[in-house]
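Student: Here's the letter readout for the chains.
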Amino acid sequence: NAGVTQTPKFQVLKTGQSMTLQCAQDMNHNSMYWYRQDPGMGLRLIYYSASEGTTDKGEVPNGYNVSRLNKREFSLRLESAAPSQTSVYFCASTRTAGTNYGYTFGSGTRLTVV
Amino acid sequence: AQKITQTQPGMFVQEKEAVTLDCTYDTSDQSYGLFWYKQPSSGEMIFLIYQGSYDEQNATEGRYSLNFQKARKSANLVISASQLGDSAMYFCAMREGGGNYGQNFVFGPGTRLSVLP
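Heads up: the sequence lines are chains A and B, in that order.
If you read the first sequence in this note's numbering, its first letter stands for residue 1, the second for the next number, and so on.
If you read the second sequence in this note's numbering, its first letter stands for residue 1001, the second for the next number, and so on.
FYI, nobody ran anything at the bench for these hints, they're computed from the structure.
On a predicted model such as this, the values are computed, not experimentally measured, just so you know.
Be careful, since some hints might not be right.
[Stated by the list, open to error] Residues from chain B shown here face chain A by an in silico Cβ test under 8 Å; the list is partial:
(1) Ala1018
(2) Phe1035
(3) Gly1108
(4) Pro1109
(5) Gly1110
A virtual CB, placed ideally from N, CA and C, is assigned to each residue, including glycine.
Please model the complete structure; the sequences and the hints are all you need to start from.
Tutor: Structure, rendered in structure tokens:
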């Protein structure tokens, strides 16, 4: 099925460990995003890639890095996980321009840092 | 300032009744899009309905309709004939025509709807 695929769905890390969250879309979208969702705080933008070859910081980038590997793939890396990074992470994609295009979301990654 | 306001953190509705979830927005753009997403307890984000700023008619998608009042900058979601499966978090979102492409999509804080049997 066309859409946004996120892996893994669940992950438990120890403080200080590193990991990469993978995201791939097959809709030929130019723009991709990483959000985190914490209880009562809605969605907060971590990083985004408006087009292949570009990445920019969002609202809460500290502690994260990203790579836009190609047009399809946009990964999020936690270099040294902290308990404050316990959250649900969503990848999303959309066409770059056009106010009538919404996001297509991945199914989310539930990350727990202990 | 908040660009999307959802003033109802939680709502209850009786099964088979209609419910309105409020959303107001703030933008100086003439061209923008308004979206509603549903997030059930399973966690995925599901697109429900879209309204363009130039659309003269309110959007409808099955039991969902969007009450668009442009002058008031409101885009309320109406769910008719509520079902138990409608219990979820609902997010209002806006995509503006101008500004940085990466940050022109904003979400409200969400409203948690509970449908009572």
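Student: Look at each hint and say if it fits the structure.
Tutor: Comparing the hints with the structure gives:
This hint is violated: B/Ala1018 has a C-beta 24 Å from the nearest C-beta of chain A, more than the 8 Å allowed. The beta carbon of B/Phe1035 is positioned within 8 Å of a beta carbon in chain A (closest approach about 5 Å), and the interface hint is therefore held. Taking 8 Å as the C-beta contact cut-off toward chain A, the hint placing B/Gly1108 at the interface holds, the least distance being around 7 Å. Interface restraint check for B/Pro1109: the shortest CB-CB distance to chain A comes to about 5 Å, inside 8 Å, so the restraint holds.
The restraint placing B/Gly1110 at the interface with chain A holds, with a minimum CB-CB distance near 6 Å, inside the 8 Å limit.
Comparing the model with each earlier hint shows a violation of hint 1 alone; every other hint is respected.
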